[in-house]
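> Spelled out from the first residue to the last, the chains are:
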Amino acid sequence: GAGVSQTPSNKVTEKGKYVELRCDPISGHTALYWYRQSLGQGPEFLIYFQGTGAADDSGLPNDRFFAVRPEGSVSTLKIQRTERGDSAVYLCASSLNSGSTDTQYFGPGTRLTVL
Amino acid sequence: AQSVTQPDIHITVSEGASLELRCNYSYGATPYLFWYVQSPGQGLQLLLKYFSGDTLVQGIKGFEAEFKRSQSSFNLRKPSVHWSDAAEYFCAVGLYSTLTFGKGTMLLVSP
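Top line first, the protein sequences correspond to chains A and B. Quick note on this note's numbering: the first sequence kicks off at 1 and runs consecutively. Quick note on this note's numbering: the second sequence kicks off at 116 and runs consecutively.
A few of these clues could be false.
Taking beta-carbon pairs under 7 Å as the criterion, some of the chain B residues facing chain A (in silico) [stated by the list, open to error]:
(1) Tyr-140
(2) Tyr-142
(3) Leu-159
(4) Ala-201
(5) Phe-205
(6) Ser-212
(7) Thr-213
(8) Gly-217
(9) Lys-218
Here are some chain B residues the structure puts well away from chain A; computed CB gaps all over 10 Å [unchecked claim]:
(10) Val-119
(11) Ala-202
(12) Leu-223
Residues from chain A that face chain B, not an exhaustive set, calculated with beta carbons under 8 Å [what the hints assert, rightly or not]:
(13) Phe-45
(14) Gln-104
(15) Gly-107
Hints in this document: simulated from the structure, not taken from any laboratory. All of these numbers come straight from a predicted model, not from anything done at the bench. Backbone N, C-alpha and C fix where the C-beta goes; we use that ideal spot for every residue, glycine too.
Can you make the complete structure from the sequences, with help from the hints?
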């Protein structure tokens with residue numbers, strides 16, 4: 001079956017611009033996660049959704065970052081007034097449920113470059 | 116707060132040789148532990164996971180890992196490495212529903 005997909009695969013933008021990154025989870029998965037992976041680092045948790053609601057957004061670095069999942073499926077990560085430090089690979093994952101033992105399946109990521 | 120340490124940034128192993136990648140964690144309770152592999156241009160793929168029970172867990176692609184509570188370690192092993200195993204490997208600790216990852220170990224396989 002189809003895995004987690006993310007679009008675009010690459011995004012280049014200028015400092016100060018607004019960007020949206022999209023994630024399509026595996027069909028039927030109720031939990032969706034966003035992570036950010038900077039160069040030379042492991043992925044860092046940003047936010048996760050159980051259904052339509054954000055269950056934990058403690059990893060969002062500041063209020064320029066926001067994510068939605070209005071219908072409990074597709075999610076969009078939104079970054080306002082982008083900064084060069086936002087350059088990273090943004091990873092999305094989904095799992096059947098949101099328990100600690102549920103396997104998270106990752107998408108290929110969106111590479112964001114802020115010039 | 117939980118943390119994960121992967122002390123080796125790079126490891127080079129000859130094809131056919133055995134492999135051990137180290138992972139140490141800091142966590143107050145019994146951890147949920149994971150190993151993921153990331154190949155260039157690919158998403159993270161789960162190799163194996165430990166929740167409880169038998170401390171030696173088997174995963175995909177011939178990998179195994181051993182949980183040692185006394186050493187706070189969860190090292191990944193493979194008896195014979197193949198060239199296709201060259202990739203970056205991440206150890207992670209699960210807390211509630213989120214994962215905390217180490218910085219990764221890049222595995223290079225020499226002929």
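> With chain B as the partner, please determine if Gly-107(A) meets the hint condition of a C-beta pair closer than 8 Å.
holds, 5 Å
> Holds or violated: the hint that Ser-212(B) contacts chain A, with Cβ atoms closer than 7 Å.
holds, 4 Å
> So is Leu-223(B) really clear of chain A, every C-beta pair being over 10 Å apart?
Correct as stated: the minimum Cβ-Cβ distance to chain A is 16 Å, above 10 Å.
> At a threshold of 7 Å, is the proposed contact between Gly-217(B) and chain A supported by beta-carbon distances?
This hint holds: Gly-217(B) lies near chain A, its Cβ roughly 5 Å from the closest one there, short of 7 Å.
> Identify whether the interface hint at Tyr-142(B) stands, where standing means a beta carbon of chain A within less than 7 Å of its own.
Violated, about 12 Å.
> Far enough from chain A: is every CB of that chain over 10 Å from the CB of Val-119(B)?
violated, 8 Å
> For the hint on Thr-213(B), does the least C-beta distance to chain A fall short of 7 Å?
Since chain A brings a Cβ to about 5 Å from Thr-213(B), closer than 7 Å, the hint holds.
> The hint names Ala-201(B) as touching chain A; please verify it with the least Cβ-Cβ distance against 7 Å.
violated, 18 Å
> With chain A as the partner, please determine if Tyr-140(B) meets the hint condition of a C-beta pair closer than 7 Å.
Cβ of Tyr-140(B) sits 13 Å from chain A, so the hint is violated.
> Under 8 Å is the threshold here; is the Cβ of Gln-104(A) close enough to any Cβ of chain B for the hint to stand?
holds, 7 Å
> Once the shortest beta carbon distance from Phe-45(A) to chain B is found, is it less than 8 Å?
holds, 5 Å
> Could you check if Leu-159(B) really has its C-beta closer than 7 Å to a C-beta on chain A?
holds, 4 Å
Comparing the model with each numbered hint stated earlier shows that hints 1, 2, 4 and 10 do not hold.
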